[in-house]
Structure formats: structure tokens, C-alpha cells
Amino acid sequence: MRGLVFRAFDRGGMIFLGILFGAIMLLALSNLVLPAGHTLHAPTYLVSLIGKYLTYALLALSVDLIWGFCGILSLGHGAFFALGGYAMGMYLMRQIGDRGVYGNAELPDFMVFLNYSELPWYWHGFDMFWFAAIMIIFVPGLLAFIFGWFAFRSRVTGVYLSIITQAMTYALMLAFFRNNMGFGGNNGLTDFKDLLGFDLQNDGTRVGLLFASATALGLGFLICKAVTRSKYGKVITAIRDAESRTRFLGYRVDRYKLAVFTLSACMAGVAGALYVPQVGIINPSEFTPANSIEVVVWVAVGGRGTLYGAVIGAILVNYAKTYLTGALPEIWLFALGGLFVFVTLFLPRGIVGAINGSGDGGPSPILAKLRSWRDARAMEGRS
Amino acid sequence: MIARLLALMIALCCGLPALAADPDDLPGLIEQLQTRDYAAMEQTVNTIAATGDPRAVAPLQALADGDLYYRKSDDKVFIARKADSGTDLLDPLTGEFVENVGRRDARKIGINNGMRRALRGALGSLTLLSPDPKVRAAAAQSLFKSPDPGAIEALGQAIAAEKDEAIRTAMEEAQAASILLSDSDDATKIVAIQSLADRGGRDALSLLKGLPDSATEPVKAAALEGVKSIEAALALWSTAQNIYYGISLGSVLLMAAIGLAITFGVMGVINMAHGEMVMLGAYTTYVVQEIIRNNAPGMFEFSLAIAVPLAFLVSGSIGVLIERTVIRYLYGRALETLLATWGVSLIIQQLVRTIFGPTNKEVGNPDFMSGAVQLGEMTLTYNRIWIIVFALVVLAMLMLVLKRTPLGLQMRAVTQNRRMAGAMGIRTDRVDALTFGLGSGIAGMAGVALSQIDNVSPNLGQSYIIDSFMVVVFGGVCNLWGTLVGAFSLGIANKFLEPYAGAVLGKILVLVAIILFIQKRPRGLFALKGRAVES
Amino acid sequence: MFGFGRAKALAAVSALAIGLTTGAAQAADTIKVGILHSLSGTMAISETTLKDVMLMLIDDQNKKGGLLGKQLEAVVVDPASNWPLFAEKARELIEVNGTSVVFGCWTSVSRKSVLPVFEELNSMLFYPVQYEGEESSRNVFYTGAAPNQQAIPAVDYLMKTESVKRWVLAGTDYVYPRTTNKILESYLKAKGVPAEDIMINYTPFGHADWQTIVADIKKFGSAGKKTAVVSTINGDANVPFYKELGNQGIKAEDIPVVAFSVGEEELAGIDTGPLVGHLAAWNYFMSIDTPENDAFISKWHAFIGNEDRVTNDPMEAHYIGFKMWVQAVQQAGTTDVDAVRQAMYGQKVPNLTGGVAVMNTNHHLSKPVVIGEIQDDGQIQTVWSTDGVVVGDAWSDFIPESAKLTADWTFPWVCGGCEKPMY
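Just so you know, the sequences run in chain order A, B and C. Throughout the first sequence, residue numbering follows our numbering, covering 2 to 384 in sequence. Throughout the second sequence, residue numbering follows our numbering, covering 57 to 591 in sequence. Throughout the third sequence, residue numbering follows our numbering, covering 537 to 959 in sequence.
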């Protein structure tokens, strides 16, 4: 166990954590300590934006763990993220108490409105934070466990697995859109007031959430590091590279996959739970398959199989999105779409891969790529 | 109101012209139609109808069609005809050209649904004795839909004069419908009920159920019998109707998925831009229709026939372009094609949005795609019938191409063993481009079909992409029969679940079923066997 | 190594901060007007037009010499039909760009998503779309119709002129149809319609296969009583719905459909020939013949450069909202939100359809209600209109929990939803 923990704190891990907490600390100080007029004052806008990016980064990390290291391309990870978010949302809803528009202490507004006479059974317990906190991890984990148990046992792999994960998130989206489900339908859960007694509109709370997100991301990073560098991690990498061979060597491939898939889903759930109080709303559109695909794109852009690449990818793509939707509202999709195509074609190992490649003094991946095309054409044989 | 009108009508038909308004006054009456007071307008329509003057049909029809206008300068009433610039005004009675005015110089005389019903009745009774059998049949239909005790005698007259069996039956049914609402004696009513029960259908059911409370017990009992027999027939047909709905939904799924069965199923490219190929096909249809509308309106009926090959070419060539510029570098990295094509789909969507605007575009249905045919108690809409036919034809042609042409042979060879195929002298990259182009082109043809039932907007493709993947995966990649069976079984399953579970829950159940099914058969319904499986 | 990490981090953060805050520090010689409408994603279909209309109105105002001696500057962002992004963009508009007012949102969920942001930062949003009511925020002015300005008059009309006895309430499964149908259901029951004569049906967003539901409506309509459909089906799903209605031969004379979400813009995508006579209830139709409307339509066509583009109700709502805001700013002599808000109350602007719209203290407008029938040219022709204006009601009287609430932002109430005055 000590080895496991120790392995996580390698040089890369330390650099990553250093950067992460250094940046967050500066941001927090500049937001809270410096007066609003100061040139170095970070506006609250920036704080919640960075907080949001960090939760996305944690989500990307969870995808990188299973895709980059185990070769499971999940197109439904947004579902785990959203489930974690809903669990947090339910807690926040219950915290509103009688401050809702209809002043009902027991029922959230939308339930009063839809003529619920009492709280549905699955809402019980969410008024306690510890329960919600358990559910944030338990619900996505359970779904991933059940889904994975079926899928990996029957050896559903590759594209088929991707498509059925997509079907899963799509089905959940349709289900959560239904008002009769008791999760607020299309509007979802919103109008949150406070979390653990802290006012969500308060700058201090925002900074606190930012720290929580950074801590979660840091922890997630360490866990992923520990897992991937352990013997267990070697096995899942082996599964990625040659599943059948690993199975023939006597490893229970389905169990390894199931464990890592469930762990990844729990991480996604935590990311979702931290995301919700920072954006102030959770609704079924988080389940849309497009969202899940986008997460995969972040990982690809950053560089999969590197962990910190996923984090960089998530932050970079989302920053691009924030910037472009404001600066080029009419044409930003061209830029984003173009970026995805460019990265897949020219940076198959993502940005991190490209940088590392050139840093080693070896041929840059782009050059290598061009060369390999030339060779491929000459050989006329692709498989 | 209608009752009075029809009473007047009957008087006319019975040869009592003394009761009719002065036929010479018809132009004056027509002028009175220009009013916003619908009650007064209805009165005028009744008076006009009561003249029995066949000249009155044209202005009344124009009023019903929204073609009766008044000139703003002097409030005179005309029949309007669209001209190249402005509006042509025609004399309401003679139809002679009077003058051309600017678009805003003449305004339409608006009517409401009540007026439309009144006009239906008036036109029905005015045309009951028309020499044209089609018009008489339509008149009988109208009177059936707006039954009125006053029309019984007029219908009686028309029935006596009618030679055509089918039209006479229609008239008798219209008469029966009217008798139900009249104060005739019970025996007549029971006969009428019998006649309606024999006719069957929802309209008759509605009439029988809507029997006034004043009806006597025997009449009510007879009506109940009638209702029971009609409902039994309807229940019997409803299963067939459901299957048809399922097949129809299945054909839409099939249409959307065939192209993907090629690009994803055969080539292994996770083509997220597939939906956009469908959308491009739909926009091609729109462009074709716009050009036809502006240049050769007479060709409109052929717009789809022109659009199908064009859509194939447009989507197909864009498909080839995508393959040449993006996908060819990604073979063997199936999951990465997903990312690149996702980017491509965003670009195409935004491109279309920039060029055509974000709003829905109107794609018209040619006449052969509009309306429905009644088969027993089933309503089969023409557009859906054609889509079923079209989907099956496209699938059959595709199979022919794959099985019977050199290109198809090469495609199959390249999919099964690329290196070997290359060694045999097949230009694999050319085949790849053509295969992807074929798949995309077929998606474009699907777009033509889908433009007939759905929105034509930049988001069109997005709504079909997931369903298409489900169909292909469920049916089994690499197998067109699988796609066919997959599409129809998903369609029918959906439609049978919908009445019980509702549209949303039905769909969720189908998705869950697919997920579970994939556990059982990880490679779909028609799995490829042999070595290729472990590739 | 650590030093390097920190330096890099510092550089990264400051670069990010600079990137995000550029624009905030621009000179304040213009008044900034935020436009928060989706230009991509599923809602772009409806919302892009509203962005264009706002640009036209702002342009127009600038030609007249701007406001308070300054030019207006439109700040357009794309929230991409993504609800959390709406909140982020709202915050960006207010905090980073320093907008004095924001015009935007279409869906209820987008409004719910930005609401806390506007309240926290005490900014002002004009929301132009007909909606479910049950809300009155201090920071939002609702220029679209509340249910009592659309649904109830329409039902009354059908009861009176078409003597409808049986009702199908068909809607997309989200909060606006749910609320409207809830209000209508209790209204119809109060009018003596028995429960078995009301059928309620919900479908998902973008529902494309309407065969079964249209057949069900036909079935429900063959019970011998005059039947009508009250449709709250959302934008996208309407095209296939109406196509199916037309093809299955449901004529307006037999089973009329009255829609609250179908305007000229939605009809532009359909061949309306088979739909003639189906109804729509709004506060504005393009076909209404007034000099103001003629001028507005000509201006719109000139601005967008296309004679075929239509105008619709939410566009008029923005027109009224913008004019009111301009007047209120002029009156207050400042763009300060609190001053402008006070000046908004009682502000009057002539409707495009005749009459005068008034902003009430519950942040909803008094507007006329018009009911029209769809024509074969895609226009909607008025068949009925209210004599005067109807006061928008934030809290419906037909929902027990909301009937007791009052929205009034002036003394002594000063509250968006209270049972008794604050003071």
C-alpha cells in the first residue's frame, strides 16, 4: 500500500499537483484579497469558470483512465457525471427548504407543481449531506458495475461497447426528460440556495468550491497514477493492447475491466457533483450523447494515456469554447470542428504527445506522421 | 343556419323558384361577402346558395379557398389570381380579367372554420346535381361531414337521379347521417343507423355516438348495436394499423441507416457525420424545389425524382472528399474516426447554417406524396407508403451493386482482406473512397425521403444518428439483411410499445432491450462468423 | 522543478485571466446591450432570428442618435443551446463585458439557468417568449405572453364559436406545456367539462413519428362530440406533427388544432395547404394590418435583405421590450439597473397590432390577445381578438398553490411571489 501511494508521487505527479494548487491559490487570493478595482483582481466569473473547468478535467481524467489505459471507449461517461450531479442537485434542492416559491418545506417547487402529495421514496435521505455524498459515488458506481458486469462478461468490446454506452446515456436522457420521473424534467434541478450552510452566491463559497474541485482533481490524479503504475495497472494496459492474450495468460479480463470502469464512473460522479453547485443547474441535457463524445474529444486533444494530457485537453478545449462563443459567436463551430479534425489527423497522441515527441529530440510526431503516410502509400497496404 | 339554407335549397330543387332570391341580385350579394362579421357573411352565403345559380359556385369556392379578395380603393369583390407582379383581379361571376393591382392594394376576405363548414354545406348542396360525377361525389362527402336534416329531401332527389352506384351509396349515407339528426320516425332512423353501421369507420362511429339524447329507446338500442359492430371492426383493424405504423417507422430507420451500414458496417468508420450527409440530401431537395418553383413550376411533381440522383451526387461527392482528406489517414484506428468525423459534422452543420440560415426550410410534398388511402379501416398515408417502397428499392439496389457489380466485388474483397485484395491488383484506396462515397450518397437519398416527413433544418441529421447506429449494431455490422431486419423490428417494437408505455418510455424500453440483446449476441442479430470476428 | 511549475502556473493563469478579461476594460463611451440567444444547437432555429431583430433595433436606435448621447453597442454571444453555458455567458456579459441590459433566452430552462446570475449581479434581462408564468423576478421583464394571455382566451374562443366539448391537450413534455395544461385542465373542469372528455398527451422533444398519436386523436374525436386539440408542442416537433395531421386528413373544420408555440416562423417550414383553418393564439400576427406593423415588416426585410422572411410574436416582444427599455433609460437619465427598473413600471409602447402595451409592476406586459387561423400562404389571419389589452398574470389563478401569490415590485408589496406585502 505504501508503495502504491508512493508511486503516485513521482516527478510528473508532483509537477502536476504543484501547478494545480499553485494556480488555484493565486486565483483564490487574487479574488478574495485584492479589491475589485485592482488590475490583478480575478473576477468571480473567472473563479467559477476555472472551477467548472476543473470538474471537466476530472471527468476527462476518468475517461482517460479507461480509454487511455484500458482501451474502453465509453461514449456514455456523461451519464455518470450527470448522475453524480443529480445526486448533488437533490441534496441542494432539499437544502432550499421552505424558501422555494411555493414555500413548501417538504417538497421542491416542481413537485408541488406536479401535484406530488409526498416526497418520492428515492428522494429520502438527500437532506443529509453524508447520504448525498455516498450516493454521489454509489449511484454512478452501481450503474457502471451493473452495466460493466453484463457487458464485459459477454465480451462486448470495441465499437459495440461504445455504441451501447451511447445507448445507455441516451436512454437515461430520455428518462430524465420525463417529468413523471420526479427529477424536474427538462428544467432539471435549479435555484439552489446553499451548500452545507454556505451561501452559493458568496464569493468565499465559490473559492471553496474551487478548492474542493482542485482537491478532487488532485486526488483523482493521484488515484489514477497509483492505479496505472501498479501491477494492476500493467494488467489493464495489457488488456488494452492485447485482450485475448491477456485472457489466455490467465487473467480474468472482465474483472479487471469492471473494476477500472466502476472506479472511473465514481470519479465522473464526483466531478458531476462538484460541477452542479458551480454552474447552478443540472438537467437532462447533461446526458446527451454529444456531451459524452465531447469528453472523449477533450482527452484526444490533450493526449490520451497520459492523465495530465486529459486535464490539459479538457481545460484547453473548454477555454477555447468559452473564448470562441464570445469572440466568434457565428463561426466558432468551424474552429472547434476544425480543431478536432486537426488533432486527430496531425496529433494522434494529442498535444502532450506532440510536445513530448519534439522534446525528446526525436522526430516530431507530425513529421513522423507525414513520413508514415508516404510509406503507407508506397506500400499500398493498410490494415 | 345551414338548416334554413338547405330548406331553401330543397324548395329550389322541388321546383318552387318563387321562394328563391332574385337571381339578378347575385352580383349585389357577392359584394356583401366583404365583411368581417362572420354571422352576416354566413347569412349572405346562405342567400347566395339559395339562388341555386350555378354561377355562384365560383365565388363561393374562391371564398373557401381564400382566393376571394376586395379592392382596397373601392371595396369591390374579386377573385384573385397570383401574377408575376401583384395580383390579377377577376370578375367573381364571369371569371373575366379586370385588372392587375399591387400586392397590398387588394386584401383577402378572411373566413373562419365556421364559415368553412357553412361553405362546405352550401357548395355541397349547390353541386349535388352537377354533371361531373367527381363533383357530385365530393358534394355527397361534404354533406356527410356536415349532416343536416334539411338536406334529406334534396339528397332524396339526387339519389333518385343518380346513376352511379358508388355515388348513390355515398349520398344515401349522407342522407342517413342527416336522418339521424332529424325528427323522422324511429323506423326510418333505425334503417339509417343500419346503413351507417354498414358503412363503418370513425365518422360513422362519431355520428352514432353523437345521437341526440332525445332519441327513443329502440333507436338508442339500434345505435348501440351499430357502435358495437363498428368498434369490433376497428379493433380488428387496429393491430394491422399498428404493424403498418411499425413498418413505416422501420422504413424511416432503414432509410436513415442503410448509408451507415456501408460506411460503418462495411468500412468500420464510426461515421458521426452520417447524419449530416442525410441533412445535405434534404437540403438538396430544398434547392431543387426552389429552382423549380422559380423557373418551371409545372415540374414540381418531378422535383423528388430530380432530387434523388442529385442528392446522391452531392452527398456522395462530399463523402469522397471527406474520405480523401480525413478518413483515409485513419484506417485501422476506428475509434479515432469517430473524433474526426464528429469534427466534420460540426463543420458541415455550421456551414449549412451559414449558407441557408438556421430556420426550417419548406420542402413541399408533391401531390403523389400527399394525403392518404383508406384500406379497410386503416389509413395509409401516401408519403409513408412511398418511403417504405423507396427504402426497399434502395436496399435492393445496394445489394445488387454489392453482389453483382465489379465495384461491389472489390468492395467486399477489400473489407474482407485488404492486403490480399491489394495484392490482387485492386486499387484499395480508390475502392475505399468509392465505398465511402456510396454510403454517403445513399445517406443523401435518405435525406430526400426524410425531407418529406420531417424538418429540414441544420439539426436534421443529429436526430437520426443515434437511431441509425442502434439499427446497424442491432442488425449486425457487415450485413445488409441485418440492417433490414433490425430496422423493421425496432420500428414495430416501438409502435407496439407506444400505446401502452407512451412514446418516451417505449423508446427507452427499446434501447434497454438493445443493450441487453448486445450482451446476448455481442455482434448483433446477423453476426459475421469466422476469422474476421477477431479482427 | 517546483519553481518552474509555479512560474508556468502563474504564466498560465495570468494568460487565461488576460484572455478572459480583455474587453472589460474598454472605454465606456458606448452603452452595451447583451444579446444572449443560441446561434447553434437545437434552439438556433428559433433564436437566431431574435438576435437579428435585436441587432436591427439597436442599429435603428443608433441611427436616431443613440441613447443618452451615447451609441449602443450590441454584444452577441452564443450560448449554443447549452443551459449551463447560458449561465456562464450571462455572467460573462454582465461581469466581463459590462452590459447594461441583456435581451435573451427562449426556453424556460435557459431562463431558469440564468436567473440566479441576474439576481446575484442585479442586472436586467428581457425575456421575449410566451411562457408558463409562475415566476416574477426583480431582474427579469417578461415581454412574452403569460398563460392567461394566450391559452385561456383560445379555449374560450373554441368553446364559444366552435362549441367544442371534448379536448385533447397535446404537448411536449416540459414545463411550459405541463403548466399550461394544468391550468387549462382546471379551467375546463371549472367550466363543467367532465374528466373523460379531456385527453392529455405528452411527447418528447423533437418527436418525429406522430402516426400513433394522430390516430389516437382521431379516435378520441369520434365520440360524437365536437373535439379540438390544444397543442403546446414545441417548435421542432410541429413540422412532422402537422404533416401527419394533413396527410391523415384531419381538417380544421372537423378537429381544429389550436397551437401556442406555432407562429409564422415555424409555419415557414411547412406546406400549409392542408392546415388551413387550424388556429394559433398569440399577441401578434404578421398579417395584422396596421401602419406600425407595415413599417416594422419593411424595416425587417430591408435589414435582413430577404423579402420572404417572416416576423413573429417573440420578435414583437423584443421590439416592445427594447422600446420600453430605451424610454425607461431616457426617463431615468441613466442605465443604472435600479433606476431603470423603477422607470419601467407603467412604461407604454404602441403594439405593432394596435393598442398600447403597458409594463406592469409584476414585470409582465398588458397586451391584446389575437386568435388566428392558418392560411395557405403560411400566414395567420386574425379571426378573433380581445377588445382591449389583457394584463399578464405571473401567478395563475387556476393553480391552488399559486393563486394565493401576488407579484408586485412596488411599495408596499416589493415581492415577486408573496402572500402578504413586505411592508
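Simulated from the structure, these hints should not be mistaken for lab results. All values derive from a computational prediction rather than experimental measurement. Here a beta-carbon is modelled for each residue, glycine too, at the ideal position from N, C-alpha and C. Certain hints may be false.
[Said to hold, decoys possible] Pairs of lysine-lysine, DSSO-like flavour, derived with a Cα cap of 27 angstroms:
| id | chain 1 | residue 1 | chain 2 | residue 2 |
| --- | --- | --- | --- | --- |
| 1 | C | LYS859 | B | LYS265 |
| 2 | B | LYS265 | C | LYS696 |
| 3 | C | LYS755 | B | LYS265 |
| 4 | C | LYS956 | B | LYS265 |
| 5 | B | LYS284 | C | LYS754 |
| 6 | B | LYS201 | B | LYS132 |
[Claimed, not checked] Covered by chain B, according to a simulated footprint, are these stretches of chain C (three or more residues, beta-carbon under 8 angstroms):
| id | stretch |
| --- | --- |
| 7 | 718 to 725 |
| 8 | 734 to 742 |
| 9 | 771 to 784 |
| 10 | 797 to 805 |
Hint check: B:LYS201 vs B:LYS132, CA-CA at most 27 angstroms. Holds or violated?
It is violated: about 33 angstroms lies between the C-alpha atoms, which goes past 27 angstroms.
Keeping to a limit of 27 angstroms between CA atoms, is the pair of C:LYS956 and B:LYS265 held or broken?
Answer violated: C:LYS956 to B:LYS265 is near 51 angstroms, above 27 angstroms.
Straight-line alpha-carbon gap B:LYS265 to C:LYS696, limit 27 angstroms
Measuring from Cα to Cα gives roughly 22 angstroms; hence the hint holds.
Under a C-beta cut-off of less than 8 angstroms, do 3 or more residues of the stretch 797 to 805 of chain C approach chain B closely enough to confirm the stated coverage?
n = 4 at 8 angstroms, threshold three: holds.
Does B:LYS265 sit within 27 angstroms of C:LYS755, going by the straight-line distance between their CA atoms?
Since the Cα atoms of C:LYS755 and B:LYS265 sit roughly 12 angstroms apart, the hinted pair holds (cutoff 27 angstroms).
So is the stretch 718 to 725 of chain C in contact with chain B by the C-beta rule, three or more residues under 8 angstroms, or is the coverage claim wrong?
Since three or more residues must qualify, the claim that chain B covers the stretch 718 to 725 of chain C is violated, with 0 doing so at under 8 angstroms.
Between C:LYS859 and B:LYS265, does the CA-CA distance stay at or below 27 angstroms?
Not OK: C:LYS859 and B:LYS265 at ~54 angstroms, beyond 27 angstroms, violated.
Are there three or more residues in the stretch 734 to 742 of chain C whose C-beta lies closer than 8 angstroms to some C-beta of chain B?
Three-residue rule met by the stretch 734 to 742 of chain C, so holds; n is 4.
Are three or more residues of the stretch 771 to 784 of chain C within 8 angstroms, CB to CB, of chain B?
holds (count 8)
Does C:LYS754 lie within 27 angstroms of B:LYS284 when you go C-alpha to C-alpha?
18 angstroms, holds
Checked against the numbered hints listed earlier, the structure breaks hints 1, 4, 6 and 7; every other hint is satisfied.
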